[in-house]
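Q: Line by line, the protein sequences give chains A and B. First residue of the first sequence? That's 1 in the working numbering, and the numbers climb one at a time after it. First residue of the second sequence? That's 1001 in the working numbering, and the numbers climb one at a time after it.
Among the hints, erroneous ones may be present.
[Said to hold, decoys possible] According to the in silico footprint, chain A covers these stretches of chain B (three or more CB under 8 angstroms from chain A):
hint, region
1, 1072 to 1083
2, 1096 to 1103
3, 1231 to 1243
Hint data in this document are derived by calculation from the structure and do not stem from the laboratory. For clarity, every value in this text was computed on a predicted model and none was experimentally measured. All residues carry an ideal CB built from backbone N, CA and C; glycine is no exception.
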Amino acid sequence: MNGERVARPNPLRRAYVKARALCAASLANMLEYRAEIYLWVLASVLPLILLGVWARAAESGAYPRSSVEFIRYFLCVFVVRQFSFIWVIWEFEELVVSGNLSHQLLQPLNPVWRFLASHASERLVRLPLVAAVLGLCFWFYPRALWLPRASDVLAATALLLLAFGARFLLQYMMSMLAFWSERAAAIEELWFVVHLFLSGLIAPLDVYPESVRRLTELTPFPYLIYHPVNLLLGRGAPFERAALVLAGWGGLAFVLQRWLWKRGLERYSSMGS
Amino acid sequence: MAAISVRELSKSYRIAVKRPGLRGALGYLLRREQREIAAVQSVSFEVAPGEIVGFLGANGAGKTTTLKMLTGLIRPSAGQAIVAGQVPFERKRAFLESITLVMGQKQQLIWDLPALDSLKVNAAVYEIAPREAERRIGELAEMLDVSDQLTQPVRKLSLGERMKCELLAALLHRPRILLLDEPTLGLDVNAQDAMRRFLREYNQRHGATVLLTSHYMADITALCARVLLIHEGKLVYDGSLAGLVERFAPYRQVRLELARAVEASELRRFGELETLDGLSAVLIVERARLTETVARVLSELKPRDLGVSDPPVERVVGKLFLERDLAAKLAPQSGPGGSQ
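All chains, please: the whole structure from these sequences, using the hints.
A: In structure tokens, the structure reads:
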């Protein structure tokens, strides 16, 4: 290749230029699909439905949280879930099955950066509607309105970023199955069932028996929703353990992904790509 | 050093054999039967820097598989390919920056955004400085005549405009080697012509090496002095296009302007009747019998005018593709680079 380039010796600058271009294009693309993204947001109102159920149940006093605490909990679940939702497996599967992965393989950039840019920009597009839904909920439940401490928001954001990273790596690793099966995304359905029960999506984990809770703490699930939500609510969370567990799962997923990627490319090649 | 060097390159696939119906589906669950397909068999050739070479073959002959091995998308089962001095399947940065693959049926541009957005991403990915990228986009857009289309969403472009933008995106990093798989597929005649002019100009301006597959013989005749013919995975001809016609078209076209109406059956006595339209007829006559046949036609039919020419290349190649035992026929006479 001929011609002038950006400063070669500065890898950080080069990475920044690429990230900016990828994010700008992804954001522009996501804005084109804003209606679809807003429908996804509206389709993820399960926590808002559970909010009503648990708030009423808590009035009996049989649970460790009050009615207002349950409302706040599920409002936070709604918000946290918007940012921890990963869909790379569907996109990757489509690229492999259609053969369109070939174009990405011919460029000197690992396809994962495009997926990450898409995920990041899609979160930004979600923001206005998430804020609107949240505003509407506080209008319905004014007694639940509260302002989390800045330090709690910061800690929850940090944990959420870690959780996003681990969850992305885990799903990206599972995406590699698309090299062997045309319906690799089906594995995500199985994941979702476990996620539903162990992440705190349908109930705060403190309503579960202690033995179950202790077991879940070794899995990545409670750190995806339950613990970030608790941080936002000012209830604290085992941050060091969360970082350790998420790093462990993320690291394992990364190693497996690299292994599957190499074998998968051989397989993709033998499929005729 | 050759831009592309291929030695005994082979690729075989294992494909599942599944019988139709419920019985077949159940049987497949219990016992999986597989068959090995030799898509490319011991293909060898070299392409010099700056050369434009046409890659011909019927559907399933092995053209695309070979191109994909040359781009590193497919790992060869045997043999070796060196492209731009690199082993393709290793996909090193230097290699990826040196080549491009344009597939007429696949697209890399982001569908809902203007092509310019995709071009900016490509410029960043290939680490082309913004000002240089702008200059190259301007130059290529002018050559391709798509300057006004770059700001329109890709989905709103016509097929021809889209293909031109695809080509622009594929060439932004100024690759030294262009591998083009049906780049004019589905385009109208004008768009095909514009694409050919562009490729010729790009090749002359940048000295790029081009390996091109196409079903449109006009692409080949307009661009390629040299062609490779692949048949059932084997390279059966490597030489000039004229040589291909000469060798594989042992017949001539005899055009007649008749003085009177003649029945088709009467004309068929002289050779294969290609067309009969009023008093105009075209016969296909074996080269060995040409003199004798022309003499008979002149004496028996007394035509107003008679002309002899080579048949169109597409007809020659079309007939070649229909030859089932082409490889066997050619085996003693041809080899890579040695069949002219």
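Q: All hints are to be evaluated individually against the structure, with a verdict given for each.
A: Going through the hints against the structure:
1. 1072 to 1083: holds (count 4)
2. 1096 to 1103: Contact hint for the region 1096 to 1103 of chain B vs chain A: holds, 7 residues under 8 angstroms.
3. 1231 to 1243: Per the Cβ count (0), the hint is violated.
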